[in-house]
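**Student:** Spelled out from the first residue to the last, the chains are:
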Amino acid sequence: NAGVTQTPKFRILKIGQSMTLQCAQDMNHNYMYWYRQDPGMGLKLIYYSVGAGITDKGEVPNGYNVSRSTTEDFPLRLELAAPSQTSVYFCASSSGTGEGQPQHFGDGTRLSIL
Amino acid sequence: GQQLNQSPQSMFIQEGEDVSMNCTSSSIFNTWLWYKQDPGEGPVLLIALYKAGELTSNGRLTAQFGITRKDSFLNISASIPSDVGIYFCAGQLYHTDKLIFGTGTRLQVFP
Chain A
1 NAGVTQTPKF
11 RILKIGQSMT
21 LQCAQDMNHN
31 YMYWYRQDPG
41 MGLKLIYYSV
51 GAGITDKGEV
61 PNGYNVSRST
71 TEDFPLRLEL
81 AAPSQTSVYF
91 CASSSGTGEG
101 QPQHFGDGTR
111 LSIL
Chain B
115 GQQLNQSPQS
125 MFIQEGEDVS
135 MNCTSSSIFN
145 TWLWYKQDPG
155 EGPVLLIALY
165 KAGELTSNGR
175 LTAQFGITRK
185 DSFLNISASI
195 PSDVGIYFCA
205 GQLYHTDKLI
215 FGTGTRLQVF
225 P
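These protein sequence lines map, in sequence, to chains A and B. What the first sequence shows, in our numbering, is residues 1 to 114, in sequence order. What the second sequence shows, in our numbering, is residues 115 to 225, in sequence order.
Hints are supplied without guarantee of correctness; some may be wrong.
Derived lysine-lysine pairs resembling DSS-like cross-links, with alpha carbons at most 27 Å apart [claimed, not checked]:
{"hint": "1", "chain 1": "B", "residue 1": "Lys212", "chain 2": "A", "residue 2": "Lys9"}
{"hint": "2", "chain 1": "B", "residue 1": "Lys184", "chain 2": "A", "residue 2": "Lys9"}
{"hint": "3", "chain 1": "B", "residue 1": "Lys212", "chain 2": "A", "residue 2": "Lys14"}
{"hint": "4", "chain 1": "A", "residue 1": "Lys44", "chain 2": "A", "residue 2": "Lys9"}
{"hint": "5", "chain 1": "B", "residue 1": "Lys165", "chain 2": "B", "residue 2": "Lys184"}
{"hint": "6", "chain 1": "A", "residue 1": "Lys9", "chain 2": "B", "residue 2": "Lys165"}
{"hint": "7", "chain 1": "A", "residue 1": "Lys44", "chain 2": "A", "residue 2": "Lys57"}
{"hint": "8", "chain 1": "B", "residue 1": "Lys184", "chain 2": "B", "residue 2": "Lys212"}
{"hint": "9", "chain 1": "A", "residue 1": "Lys14", "chain 2": "B", "residue 2": "Lys165"}
{"hint": "10", "chain 1": "A", "residue 1": "Lys14", "chain 2": "B", "residue 2": "Lys184"}
{"hint": "11", "chain 1": "B", "residue 1": "Lys212", "chain 2": "B", "residue 2": "Lys165"}
So the derived label-pair ranges between C-beta atoms look like this [what the hints assert, rightly or not]:
{"hint": "12", "chain 1": "B", "residue 1": "Tyr164", "chain 2": "A", "residue 2": "Asp26", "range": "22 to 32 Å"}
{"hint": "13", "chain 1": "B", "residue 1": "Gln128", "chain 2": "A", "residue 2": "Glu79", "range": "44 to 54 Å"}
{"hint": "14", "chain 1": "B", "residue 1": "Glu155", "chain 2": "A", "residue 2": "Ser95", "range": "27 to 37 Å"}
{"hint": "15", "chain 1": "A", "residue 1": "Thr70", "chain 2": "B", "residue 2": "Asn189", "range": "38 to 48 Å"}
{"hint": "16", "chain 1": "B", "residue 1": "Gln222", "chain 2": "A", "residue 2": "Asn65", "range": "30 to 40 Å"}
{"hint": "17", "chain 1": "B", "residue 1": "Val198", "chain 2": "A", "residue 2": "Arg110", "range": "19 to 29 Å"}
{"hint": "18", "chain 1": "B", "residue 1": "Tyr164", "chain 2": "A", "residue 2": "Lys14", "range": "41 to 51 Å"}
{"hint": "19", "chain 1": "A", "residue 1": "Phe10", "chain 2": "B", "residue 2": "Leu169", "range": "21 to 31 Å"}
{"hint": "20", "chain 1": "B", "residue 1": "Thr210", "chain 2": "A", "residue 2": "Asp38", "range": "21 to 31 Å"}
If you're looking for bench data, these hints aren't it; they were derived computationally from the structure. Just so it is clear, CB atoms sit at the ideal spot from N, CA and C, and this is done for glycine as well.
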């Protein structure tokens, strides 16, 4: 099983550019999440989704957008890249939020805004 | 935003030593998870705890869900070089779908 797959692994953007970070999971999980990890910090939730067609804001949603048209995919969109969005972005998925349903993470996308 | 207090921030130990780290919060959680992150990779789940007072082991790792539901501990016995990495705790608040992550404990093991 591939698990959670994130692309690209690395990207450098200029200020004001836009891009989409891709996330796909092959575990038929309903729940999917996007986090950002800044140096020396834990993960902060950007957006999450409890199923296809449903998305909700996390702790730090400003400057980002998401969509969930299928169960498998949960892309994260940056419309106007800013230096403050330089970070490592992790996507995760889970079958639910109860016992025995922990989140599984991808390997991350390292994004630099210059 | 809410974040768990995780300590210590970093540890430098010799191979064979035992390690202890903990997370505390002012909020009550119904789930505690411990993850390990290797350089350039995403967090990998080590241990999941679902009941107050629960003590669970995974090889040389042992974690406990605090009785008050506001803290959790992770112990690593007889550390080896491959234990190097960043360890994160994460807690799930009651009646939410979201995890709150600690700031991480960076572990360095010297031979």
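**Student:** Honestly, which of those hints from before does the structure not fit?
**Tutor:** Of the numbered hints given earlier, those the structure breaks are 2, 3, 6, 9, 10, 14, 19, listed in rising order.
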